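Chain residues, written in single-letter form:
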Amino acid sequence: MITLLLMLTVVSLAGCNKKSNPAPDANTTFPQIISLIADHDSIKVGGTEPSIITCIASGGNIIYTWEVDLGDIFPLNEEGSQVRFTGSDCCLGEKYIKCTAANDKGSVMDTALIYIYIP
Amino acid sequence: MLYIQADAQCCAAGNPISADGSPGGTGKNMLEVSLLYLHSYSSIYYEGHQKTDYKYIDYSYFDFSSLRVSYGITKRLKVRAEIGYFFSKAQSFDFGYDRKANGFGDMILGVQYNVYQNTPLAIDIFPSFDFTLPVGKFDQMNGPVVLPIDIQPSSGSFKYNAGLLVSKRFMNGKFATFLSGNAEFSQRINTERTNYKYGNLYNISLYGSYTFLRNFTTALQVRTMIRDRASDNNKEKINATGGTYLFLTPQVRYTFFKYWSVGFLFEYPIYKYVNGKQLTNDYAFSFRFSRNINFAKKKKTLFEEPVKR
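Going down the list, the sequences are from chains A and B. Sequential numbering from 1 applies to the first sequence in my numbering. Sequential numbering from 1 applies to the second sequence in my numbering.
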């Protein structure tokens with residue numbers, strides 16, 4: 001029982017990695033996504049022909065976050081505003097790639113629709 | 001008893017199967033603590049039951065460890081708890097990109113009961129139930145990108161596993177055969193970020209073990225693993241998921257100082273059938289280090305002390 005409690009404590013502590021809230025920046029405004037553009041809105045299954053997706057947001061000090069239900073996204077620049085998207089056979093059909101732009105004033109989200117097909 | 005299962009699945013999130021279906025550690029007030037290290041490597045794509053030259057992920061591997069405790073509440077009833085940790089869970093892509101994750105996986109709480117015991121025939125039957133809690137990391141990122149479900153350390157899903165183990169011993173327990181089966185059902189992950197359901201998982205194992213030179217035990221296991229297709233956010237089956245695998249697993253275990261043991265197993269897939277095209281496992285191996293503590297013995301000693309005076 002002691003070991004079990006110890007295990008639960010370790011897991012709880014691991015989940016308590018709180019991020020500190022930065023002080024509000026007078027130079028920033030609530031973020032807005034100006035554009036979310038994919039160079040291909042349909043791509044072949046596999047890794048050779050990706051869709052390059054670029055998210056441009058205003059507001060200052062923007063932190064970009066990307067996610068998709070099924071498929072593979074890799075960042076292309078340090079800022080995190082541009083990514084490449086591909087999918088294997090697991091991920092055929094319509095995929096919604098979500099870009100979130102956030103700063104100390106808040107966050108905003110937009111999605112790009114990419115279709116993955118078997119040629 | 002040997003530990004009997006190591007999961008060779010290449011890319012399912014959450015703890016690999018490391019549950020000990022054997023009745024090892026059974027006994028009232030007997031505590032078993034064991035530490036597992038498991039390495040799994042995958043690099044071969046299959047389409048149906050045939051190898052294919054297709055490449056998307058070049059290779060994938062994970063290094064996993066788990067701490068498990070099991071305790072005999074009564075002579076027949078054993079409870080267990082396990083927590084997993086991925087030191088590394090990595091994928092290297094054919095088009096030049098890599099990604100990694102690490103952290104706590106899932107926690108498993110289980111119970112096993114010796115429902116039937118025939119001492120003259122040396123036959124035992126143990127039904128079991130395990131409950132998986134996704135306590136670990138499910139939000140790891142690669143820079144600005146949230147990693148996909150298959151590389152997250154935690155499965156993100158509550159899982160229910162029902163199993164049955166039948167054992168028959170021969171030659172005063174030197175030789176033993178086991179038949180075990182279990183079925184695992186995953187709850188749909190339904191969060192703001194993810195809507196996904198893992199396919200049901202079924203395992204059937206047949207194995208024999210032989211103890212020699214008092215402290216050495218060897219075993220050979222044949223395991224069939226069947227996984228149903230997963231389903232996506234539209235609750236539609238995902239074609240390139242699930243399949244049927246047959247594994248051959250030789251194992252060896254050495255017991256020392258009466259209560260300590262160390263075991264090694266190597267798992268090799270001898271047959272694979274996958275739906276669509278999928279990355280499949282090349283091999284997996286694991287080490288397990290165990291210690292049994294007999295609390296019943298200690299209690300008896302304390303009780304008897306005044307009598308000795």
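Calculated directly from the structure, the hints in this document are not laboratory data. Note that this is a predicted model, so its numbers are computed, not measured. Watch out, some of these pointers could steer you wrong.
Across the chosen pairs, the derived CB separations fall in these ranges [said to hold, decoys possible]: (1) A:Ala26 / B:Thr191: 32 to 38 Å; (2) B:Ala90 / A:Leu76: 18 to 24 Å; (3) B:Phe175 / A:Lys44: 52 to 58 Å; (4) A:Thr111 / B:Val166: 48 to 54 Å; (5) A:Ile63 / B:Phe129: 30 to 36 Å.
Just so it is clear, CB atoms sit at the ideal spot from N, CA and C, and this is done for glycine as well.
Do the hints match the structure? See the list:
{"no.": "1", "hint": "A:Ala26 / B:Thr191: 32 to 38 Å", "result": "holds, 35 Å"}
{"no.": "2", "hint": "B:Ala90 / A:Leu76: 18 to 24 Å", "result": "holds, 20 Å"}
{"no.": "3", "hint": "B:Phe175 / A:Lys44: 52 to 58 Å", "result": "holds, 56 Å"}
{"no.": "4", "hint": "A:Thr111 / B:Val166: 48 to 54 Å", "result": "holds, 52 Å"}
{"no.": "5", "hint": "A:Ile63 / B:Phe129: 30 to 36 Å", "result": "violated, 44 Å"}
Violation of the numbered hints given earlier is confined to hint 5; every other hint is satisfied by the structure.
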